[in-house]
Amino acid sequence: MMNNEHYRELGGREFRDHCISLCRSGFTLRLMFATDERENEGCFKIYVVFSETGKDSFQIPFLKLKGDDLSYHGLTPDIPAVHWYEREIHDMFGLTPEGHPDLRRLVFHDSFPGDSYPLRKDWKISEAELREWGEGLVRKEPYHFMEVKGEGVYEIPVGPVHAGIIEPGHFRFSAVGETIFFLEPRLFYTHKGTEKLFEGFGFSEGVRLAERVSGTSSFSHGTAYCMAVERMSGTDIPEKAKAIRTLLLELERLYNHVGDIGNMCAGTGLAVGYAAGALIKEKLMQLNERVSGSRYLRGVNVIGGVTKDIFQYADDILTTLETATGDYKAFMKLLLGAISHVERLENAGQLSREIAMKLGVTGVAARASGVNDDIRKAHPHLLYDRLEFEPHTTTRGDVFARMMVRAEEAECSISMIHALLERNYGRELAAEVKDVSPHACALGYTESPRGSLFYWVKSDAEGRPLRVKLRSPSYCNWPAVPFAVHGNIVPDFPLCNKSFNLSYSGCDM
Amino acid sequence: MEYLQFIVIIIFSPLIQGIIKKVKAAMQGRVGPGVFQPYYDLVRLLKKEMVISGVTSWVFRATPFIVFASTVAAAMIIPVITTRSPFSAMGDVIALIYIFALGRFFMALAGLDAGTAFGGEGSSREMAVAMLVEPMMMLSIFTAAIAAGSTNIAVIAEKQDIFYSPSHVLALSAFIVAVVAETGRIPVDNPDTHLELTMIHEGMLLEYSGRYLALMEWAHFMKQMLLFTLAVDIFFPLGIPAATGLPGLAASFGIYSLKMVLMAVLMAAIESSRAKLRFFQLPSLLGGAFVLALLSLLTYIMMGK
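First to last, the sequence lines map onto chains Y and G.
If you use my numbering, the first sequence corresponds to residues 281 to 789, in order.
If you use my numbering, the second sequence corresponds to residues 5 to 309, in order.
Each hint can be trusted.
Below, in silico cross-link-like pairs of lysine-lysine (DSS-like), each with a Cα-Cα straight-line distance of 30 Å or less:
| hint | chain 1 | residue 1 | chain 2 | residue 2 |
| --- | --- | --- | --- | --- |
| 1 | Y | K609 | G | K25 |
| 2 | Y | K344 | Y | K404 |
| 3 | G | K25 | Y | K563 |
| 4 | G | K25 | Y | K613 |
| 5 | Y | K638 | Y | K325 |
| 6 | Y | K401 | Y | K325 |
| 7 | Y | K714 | Y | K588 |
| 8 | Y | K325 | Y | K344 |
| 9 | Y | K401 | Y | K346 |
Keep in mind that the hints were calculated from the coordinates and are not lab data.
What you are looking at is a predicted structure, and each value in this text was computed from that prediction instead of being measured.
Sequences and hints are given; from them, build the entire structure.
What follows is the structure, encoded as structure tokens:
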């Protein structure tokens, strides 16, 4: 396997200038994270991962922070896309980005003490403290919402507990009449400390955890994690495993996209459309269960390959897909024929290309705003370099565009599955896994239904996990939602939100 | 016997709601709850403990009774299965609309009373919609009233020969839009949503629980059936007798039931075929219906039928 990761150590100012110049020359920011490597190298490190345009290559400049001075030149003023990453690193490691315009806490809520940095290696917590935080009795660091002042401005607080069966998130609207002037979402209510949990697991047990980060992207998470560990240990997986992974990634995309399009109907009150979408999604999930034993395709991925030969169910997949395709075509015809539905979608929740680029928006939301970015094309992995497809982009940037990008990608997934099932790929399902060498690191990535998904893993001196960083697409896209709903009316918010369909769990981690 | 015809509305209104839900479920390919589910829901709510916000005033506690009582009063002046309504002297169609307005006024106040954002939103939207619906509804009834020479609903219902003309069709279309808006159905409001930010009618009720909620829900079912009844009284009075004897009433009840079920199916069909309108587009729909009602009146005056 060709190594496409190019690490480069840079000091202080140079690091900042380099990152800015990469960004200016059109490289795409993928993720930013820190590691605590004080044990081996006596320093914290901050990594920024960029994708080179038009080339399967990652530029990864990193910075070492030694001694007592735990601050660095913040990148946010020049690269707005890193604003959440810098806040998260500040919460988790206590490394301060100088010049960051908004250093309020991002991940931790009020009861969590301010001087506790859980991702540091020497972090400890007593039973008594744990109980106190868990009960949320002590408000140690009150959070201040942004306030909009002026005549006729009023606040609408929504959540964190919602009426539907969804996860917690708080939305603070500042509205003038029915028009949304400003929206501040507050998330991370169910932060599970997933990255810390990974450190306690072995690399091979980590797959089960990765599959449970975000339900509807279980398979993508598992795949990206396995890929990272395999690359780190230099394991090449057999053709058959690649084919099965690609197949299941597309099946996952298909059921998600169809379900998401159906969900948008709940936002406009088109109950018939919602029911039709849910029915097709259910049929596809039952197919998942028949071929993999899990509706969410869990338990198939292992380090080194897969556990099940999905190709033995090729007939079932093809027949189910055939009926699903017919249903899906009728479903799209129904939706596009319902003028009252389409009218609601058009021009609602517009996200401009400029803001999508600046905030590093990814996946369907980015492609609907004219950002032509798809990890399957930008960094071909598994069998994607052998499949014919084009990322679908449109420049409208509204809710309708996000629906249409999903609709086109769903059709594309169907034809990719057909193409995959036509060929033969050996018999071997999994390769022998090589031992992980000490102090090795690697990226794993894929295009999940919501957008680009990244894992970065590093081993310690004994070849166990030192750091597992995961970056879900929801984490990139949540900050864009307030921009998309600005100027829309309050009753249109649920629709705009559904068109992004972001995961709370995948963001809270 | 005829004194008790309003009881029909009180007893059967949850059933109409159940039928609408059942038809909607069928149109979505679902089995859906049984048609008696609204009764079970009311019984469940009546048994439940109430939670009342500490910041509310007497308005909040009085509203369920005012809304329920005003709806029952409206039911009394409407001919349901016979036009010999002894209470019809109490009020005409204008009184009816204002009795509804009384309930709405208190419901909007109660929505504001608890001081929550969703209640206030619901109240403000409800009043905005009401402002457009009330005159339109009144105007669409006026055509029939002028034709009958009276605003008394019983008198309008008895003059069955003057209808089925262009003005009648126009007024009926406007009135159907008014019924959709008044019952809080798609495309004006979504009765099945759990999304607080989009609610109109449900938003005002959000703070209610237990017995009070049961009263408000029941009143809403009654209002829905009343509007359906009003629609058939004014636009399809065929088969409603002036009789008071038991056989005549029984036959009339059969015809009435059939009409109500047809109205329920019509409502479910309207709801299933459309998405909800964007809130600021409501004036176009309601304004359009107002124009229809106006045209109906002009047509009647110019054509004489």
